[in-house]
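Visitor: Chains as they are written, first to last, in my numbering: chain A, 1 to 568; chain B, 1 to 1105.
Take these hints with a grain of salt, some might be off.
[To be verified] Straight line, CA to CA, 25 Å or less: simulated DSS-like cross-link-like pairs of lysine-lysine:
| hint | chain 1 | residue 1 | chain 2 | residue 2 |
| --- | --- | --- | --- | --- |
| 1 | B | K900 | A | K533 |
| 2 | B | K786 | A | K553 |
| 3 | B | K1046 | B | K102 |
| 4 | A | K440 | A | K276 |
| 5 | B | K60 | B | K32 |
| 6 | B | K786 | B | K826 |
| 7 | B | K89 | B | K1046 |
| 8 | A | K529 | B | K786 |
| 9 | B | K809 | B | K89 |
| 10 | A | K527 | B | K89 |
| 11 | B | K786 | A | K556 |
| 12 | B | K1047 | B | K89 |
[Unchecked claim] With beta-carbon atoms standing in for the labels, derived distance ranges:
| hint | chain 1 | residue 1 | chain 2 | residue 2 | range |
| --- | --- | --- | --- | --- | --- |
| 13 | B | D308 | A | E443 | 49 to 55 Å |
| 14 | B | D893 | A | D515 | 21 to 27 Å |
| 15 | A | D515 | B | T897 | 27 to 33 Å |
| 16 | A | A118 | B | D1004 | 57 to 63 Å |
| 17 | A | E471 | B | N920 | 48 to 54 Å |
| 18 | B | A898 | A | D515 | 30 to 36 Å |
| 19 | A | M132 | B | E724 | 20 to 26 Å |
| 20 | A | M132 | B | G604 | 37 to 43 Å |
| 21 | A | A118 | B | N920 | 41 to 47 Å |
| 22 | A | N503 | B | D893 | 35 to 41 Å |
| 23 | A | N245 | B | V1002 | 55 to 61 Å |
| 24 | B | H921 | A | D515 | 33 to 39 Å |
I should point out that these hints are in silico values taken from the structure, not numbers from a laboratory. Ideal Cβ placement from N, Cα and C applies to all residues, glycine included.
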Amino acid sequence: MIMNTIFKISKIKLFLFAALATGMGSCSLLDPNLDNEITLDDMWKKKEDVDKALVAAYDQVQGCTQRFYEWGELGGELLNSDQGGYRDIFNHELNETMSVASWSSVYGAISKINLVYAYAPAAQAVDATFKMEDLEYLMGECIALRSMCYFYLARTYLEAPYVEEASLTDLQNYIVPPMDRYKLMDTARLGLLKALPLVRASWPSPDNFSDPAMRAPTVKGRISKPVVYALLADIYLTMASEVDNLNLAKKIKINGTSAEFYEKANAYADSAINYKTQYDTYGLTSGDRWLTNFYPGNVNETIFAIQYVRNTTTSFADIGWMWDTFRDGGLVWQPNVFTETYKQWQGEKRDQPVDDDERGKGISFLLSSSGSNSTVNGSIIWKFVGIREDEQGADENRRTIGVNDAINFTIYRVAEMYLIKAEALNCLDLRSEAADALLKVRERAVPSISDLRTDREFLVQSALASKTLVEFEDELLAERAAELGAEGKRWFDLVRFAKRRMNTDPGNAKYVIIDRIVEARSNQTQKPKWEAKLFREDSWFFPISRTELDNNKLLKQNAYYSTDFSVK
Amino acid sequence: MKQFKYISCIVVALFCALSLNVQAQGGRWILKGVVTDSPDNFPVMGASVILETSNGRNVKGVPTDMDGNYMIEITVNDPVLHVKYIGYKEQFIKIKKGETVKNIVLQPDVKVLAGIEVVEKANEKTTDPYLGLDKRMTAASTTSVKIEDIAASPASSVTEMMQGRASGVQIVATSGDPGSAYTIRIRGNNSINGSSDPLIVIDGVPYDVSLNGANINDLTSSHSPLQNVNPADIATIEILKDAASTAIYGTKGANGLVLITTKRGNKNEKTVNFNSTFSISQAPTEIPLLSGNSQKTFILEGDQHSRDAGSTSGGSSNMDNLTYRQLRDDPNRDDFYYYNNNTDWVDLVTRTGYSWNNNVSLRGGGNTTRYSFSTGYRTDRGTVIGSTYNQFTANFNLDYNIANNLTFKSSIGYSRSTSGRDGTLGIIFSSVGDPYDDVNPLGLARQYPAFLSVYEKDAVGNDLDAYYIPRPEHDNVIYSRYYYNPLSWTKYTSREILNNDFRSNVSIDWEIFKGIRLTSLVSVAFSNSGDQRFIPSEATNRDWDDHYVNYTSKSNSNSQVINQENILSFKKTVKDIHIITGNLVSRIRYDRNSSIGMSATNTGSPFASGVDASNRWLSLSGGEGHGGNLSGIASLHYSLLDRYIVQTTVNRTGSSKFGPAQRWGTFPTIALRYRLSGEPFMAFSNDWLSELSLIYSYGFSGNEPRSTAAYISRYSQSGSYLGEYGITANNLLLSSLRWEKSRTHNYSVQLGLFKDRITMKAEYYDKLTTDLLTNRVMPSTSGYTKRETNFGSLSNKGYELEFNAEILKSKLRWSVYGNFAANRNKITYWPEELIQNVDGDITWSAGNENTGYPALIREGDPLGSFYGFKFKGVFAEDADAVARDAQGNVMLDLDGTAKKLTWNRSYNFTGGDAIYDDLNHDGIISNRDRTLIGDANADFFGGIGSKLSWNRWRLDLFFQFQVGNDIINAARKDLEAQNGGTNSNVNQAQSVMRRWRKQGDVTDMPRVIFATHYNSAGSDKYVEDGSYLRLKSLALTYDISQNFCKKIGMRNASLTFNAYNLLTVTNYKGQDPEISIGGGIGNMGVDNSRTAVPRSYTINLALTF
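Please take these sequences and the hints and turn them into a complete structure.
Guide: Structure representation (structure tokens):
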């Protein structure tokens, strides 16, 4: 009897337990609490969250530099390589399946920037320590960085989607129509103008940063006002070469004329050159220290450089793609390019044609190829390899892994600002001022000013000032090769000059590019081939990757690549 | 100590109380007797003599001795003696009060033969604990694997036992290494990104296969729950296939369900079984490889072609004539002896394997308590050196009747296994970057240069006592220094995978009123796996300051699944006409897994293999996932006149993997059965037609994504800049991610003839999966490359047939059984523009465009299709390699000459190069010339077996077959690539001896040319027919005479010889056509030199006491 009662009670308890167990946990079970993961709910609560998200964006920009380089440099005539991927770009043998045609890393950066831009105000609203001023800095930095990415895309592709909405949920439409490259560039320009009043005047240098020759990496490695000036100068200069034609064709309406744009380019370049804060001033490095622009880098002349800093917390450093590429001769100078690049220096000392230029032998390049992986003719690009000027390029003067392996990716230097000024002023027919600007760069490259100057025509202001517009342009192209060669600019330069010449001398404009390439390859017999390849302006721009075309049906392939073009 | 005293006191008190209780029952006396058998009057040894009360309650039992004597103390009123022995009818004998002698004569049971019980099919119960229906009452599609069919097989795992035994269930070994798991597909692949693995339920503990191995991919090979159950413990294996049968298990059963129960104790019978199996195994014949001498010629020829081809072939253009000096047979060179050998590396790394497996079990019980305890230990040595497997299992089941209407049941299982996989650690490629990559010692041995020496040599070429590992000064053009001597690699490096698996299940069954029961059960499963690797400096011969000297890594993962269910069921019978059964089920399931891994280098010494012995760590990783499901299920079963049956279930499940808006899914099913043979008008056939039923079922089921809380937008550390770490979003918030849904129609006919001596079941099913979980590629402008979403649909349709026929039933008994299934898988909705490359090329990474096989999903094609070029032979002469238009006319170039056919515009084909079909006739062999070239899915598959027994002899034969599936023979692709390989100069198959060598040669084997890919691009050249017929098992058993057994104190003993995988009939050129069909799209049906399933010879001794 007693046993029965006990059993009954336990049965009821059992039943209650079962019922309870069922009801219990029904809510929390299906809303998993991911304690050890950061979820959307945990994020965007403090300023630190926003800062870290922006760091991720910069990291992604770091990941874009190889593309920036390939797009901006390799189509030009200066370099050589035996590595398939690079060689195809030199030869303008591009197709839509090549990895170089992929823009995904750049949009990866844009998307990370968009995310910061979208959520930073929300974080500011809930974090009392997040000052409005800091939010403005951040927003400015985002816009400027994004504009820089679009500026690269606009110089590379005929059209590309413009995305500024952050990717948040799977309910959004990700099939975005493309925007014409010129419109894209204009949007980037307007973005930069919007960013200008917002961005930081300068990034503070850490108190303990005391190397007098160098600036702290943050000062040079993040967006601040002078960087926006430099970007604006470049973007105005690039747009100016086409704006009149476009407005004439009424294809795209841009507010402004090329003259106005050249003036703006000149003015913004000036602003960058003359910029000064408590942490930094901007100016040219002296000629005998020219290599310090690259090693150790971050000098007064540097305006903006994507930083590759050796990470001390792990065994292996984030040294970037440039390390392998340049140190082992994966990319070298095209052999014939020296006589062309430095021909102005030929004179009394023909046997040592380039010794008079600080940027010449032993600094910009080494005459002999000595890369361990290199099997092509050409010269090591010493500016990315050496740590000291040395003609022999001895191994002890090379950067070594683990000690001084990082190579920053310089986006703008003060020297380029002078050359932008010179280019803009030349187009405004202010040749004397243009010559002054050009000479700033030239003169500092000559080791001693003394007697060399007077008897050298290329250093005489009046001689330069009396050149015609086209002659002066050639002078500028040569100077850009000598100063900025191999720095990821050459192809964009050639396209810009060729596009500009369309206005004045359409028949010969394309030969700005073709002649230089043919001459550098020193193979006149191939001229028809190069004419065939480069006669269509479409061919100056990269194909859109097949993956992107497949995934976004609104994209159209650049017509040059969508037709079968297989002349070998 | 004090506590112990108290406990002792309590225990003693309890015993006293019990004995007092017994004494209070009244008289006690001793009863004796002899048990003999009926015709021969032979004493029966080991028969159970059990004392029971008049209401059937078991009090105690004794066995008879060698002369059949027993002696038992009667302690109850109205005693009943229950006597039983296998092979005889049970007897219940009432004992009068005071009776002291009772001799018992046992009558033989005709249903029993040679100790094997024959299952009465008509009353076969399903193991479904929910409705508890007889098989003949259910309308759902289930198949059971008959344990008696497979008892003689020496299978190492349940999965292996099931192979070929159940219709529509395709089971394929992932590797022939001991302890490797099997891929199971029930009625085809149902999902792209979700899991296609069936749900495994062992003694009521559901395992989610995809979850358990989720974090550490390397461990999936031995982490399957089915690996952790000892085959000797299995009582039943039931396979549930259609939506109607799996619905009650919730959505996890969408891919089918394997239901396993382990043996439980039997009432009134105590048996001890001992089973020992020893087997020897051998790998099938190898692909013949070049000898060292032939390989040298081959390399020199390849070098010449490469130099002729100029700089386009990459690094080899600048080699001077003195390259490969080592291979030019110059005995004056110091290294002559190192480079002039004919080494058979494959022979060196393979061996004869063996395994030894021992199991002991003890089962028994009475009315209130039944128990089963078993334990097993197996040790395996694989056919590739370095591969071993050891497993310990224990299983304990206990059933206890608390009261007549209240039963308690529990099961506990434990398994611990260690797999040795020495040499499978990756080889270190470069000084910076990824430290290792998984490698397969057999694949390495096949590719390792045959001319290289195994051992260091002295000055006159004698072997020294040290392995030769190519030195930096030797290796540059011969062989990459980061590919090491396969033998020393396997001997020195170590890798051990450890698994611990524990599961328990407790349930209480309470009959509240007659016909209404409440069952409540809780099950818990824990598993833990670890993977430990070590590469000592001896294996690499690297410098001490090198980054990867003494590389070590260790990872560990844990998972836990908790399942709680309440089942309220009722059964009502009205005048034997209406039978209504139904239940309500609530289920909560919670799972959690976590993992941690770390790797380090430069441990202090080659003997210090622990991560803690290092002062330089390389990587740390870890993760945690958890999720839950909540289900409410209602089902109803109604049977009218035993011939009209309706069964319906509605399942509503919520999953934590979806966002709030998409969380709940409702999945209804209905099933109908019409027993035609039960109709009065069929009475004429009663003599011969025992069963004829038409069955139809229709229903829905669902599938979830694999990852924890898949919908949540997660953030994680992403890169660094200027010394600070960044954080960014990993994925979008997937608000619209929802259940993948399958709907199934299932039609079947069941037939039983001549009292079910012949049974047959034929089924047709049509399964359509919509809202497929898939990683859909996104435009990169979104910042993401893909996102998980529901997209597309997939259908699986097929036929299944199974039969069982007892042809002879006399002294010579013969029965034949078999199954046959055909499944057609097809992507039914996947718009053309969304053809997607799921995971890139399978064999080669990006950069070598068009060289591997793309993993594509294309509407109209089956999942698991192969795409690639059509190989049409080899250009006999340079002049043949020209572009042709659709009419076959030579296309002209701009200058009027014949246009050369090019490889992706980057290379002009010449004589000796492979001819690929230029499908779009543009003169360019490119991505666009790839087409459908094969299908990994079998047209049909199944198994057929025969059981023959005569007297004490039994002969079991079982064939397994698979027809019409294609295999990418990637092993052969590597061995016929003739391009130097991904590394430098890998060895090749003998088939390359017929390669093109000079203008005009007509052959199907292209020329050798290094550092290229166009001659070995992914084409149908390497796609082969994988059909096979295999004599899976040939077993001969001898049951030792019972009389003899009795004399030595046993009840039964048998000896079995088994030849396993003895014979395989196939046209496949690789080692073995049993190639994994798992691993996701792009990995199905790819033979990557993995260890072949070996042939083994086994001897088994089974003893019962």
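Visitor: Indicate, hint by hint, whether the structure satisfies it.
Guide: Now the hints, each set against the structure:
Taken as a hint, the K900(B) and K533(A) pair is honoured in the structure, with Cα atoms around 19 Å apart against an allowance of 25 Å. In summary, the hint linking K786(B) to K553(A) is supported, as the alpha carbons are separated by about 16 Å, within the 25 Å threshold. As the CA atoms of K1046(B) and K102(B) are separated by approximately 22 Å, the hinted pair is consistent with the 25 Å bound. Of the supplied pair hints, the one linking K440(A) and K276(A) holds, its CA atoms being roughly 19 Å apart against a limit of 25 Å.
Annotation: proposed proximity of K60(B) to K32(B) holds, straight-line Cα distance about 15 Å (limit 25 Å). Of the supplied pair hints, the one linking K786(B) and K826(B) holds, its CA atoms being roughly 23 Å apart against a limit of 25 Å. At roughly 19 Å between alpha-carbon atoms, K89(B) and K1046(B) fall within 25 Å of each other, so this suggested pair holds. Between K529(A) and K786(B) the CA atoms are separated by roughly 40 Å; this puts the pair beyond 25 Å, and the hint is violated.
For the given pair, K809(B) sits about 20 Å from K89(B) by alpha-carbon distance, which is consistent with the 25 Å threshold. Between the alpha carbons of K527(A) and K89(B) the distance comes to roughly 104 Å, so the proposed pair goes past 25 Å and is violated. Taking the CA atoms of K786(B) and K556(A), the gap is near 21 Å; set against the 25 Å cutoff, the hint holds. Our distance criterion of 25 Å between C-alpha atoms is met by K1047(B) and K89(B), whose separation comes to about 22 Å.
Between D308(B) and E443(A), the C-beta spacing of about 53 Å keeps the proposed range 49 to 55 Å intact. Hint check: D893(B) to D515(A), Cβ distance near 26 Å, so the stated range 21 to 27 Å holds. For the pair D515(A) and T897(B), the supplied restraint of 27 to 33 Å holds, since their beta-carbon distance comes to about 28 Å. Under the hint 57 to 63 Å, the C-beta atoms of A118(A) and D1004(B), about 59 Å apart, fit the expected range.
For E471(A) and N920(B), the Cβ-Cβ distance of about 50 Å falls inside the hinted range of 48 to 54 Å, so the restraint holds. Judged by the Cβ atoms, the range 30 to 36 Å given for A898(B) and D515(A) holds: they are separated by roughly 32 Å. The beta-carbon spacing between M132(A) and E724(B), approximately 23 Å, falls within the hinted interval of 20 to 26 Å. A beta carbon spacing of about 56 Å between M132(A) and G604(B) contradicts the range 37 to 43 Å that was offered as a hint.
Remark: the range hint 41 to 47 Å for A118(A) to N920(B) is upheld by a beta-carbon distance near 44 Å. Between N503(A) and D893(B) the beta carbons are some 37 Å apart, a value that agrees with the proposed interval 35 to 41 Å. Look at N245(A) against V1002(B): about 60 Å separates their beta carbons, and that is inside 55 to 61 Å. The supplied range of 33 to 39 Å is met by H921(B) and D515(A), whose beta-carbon atoms lie about 37 Å from each other.
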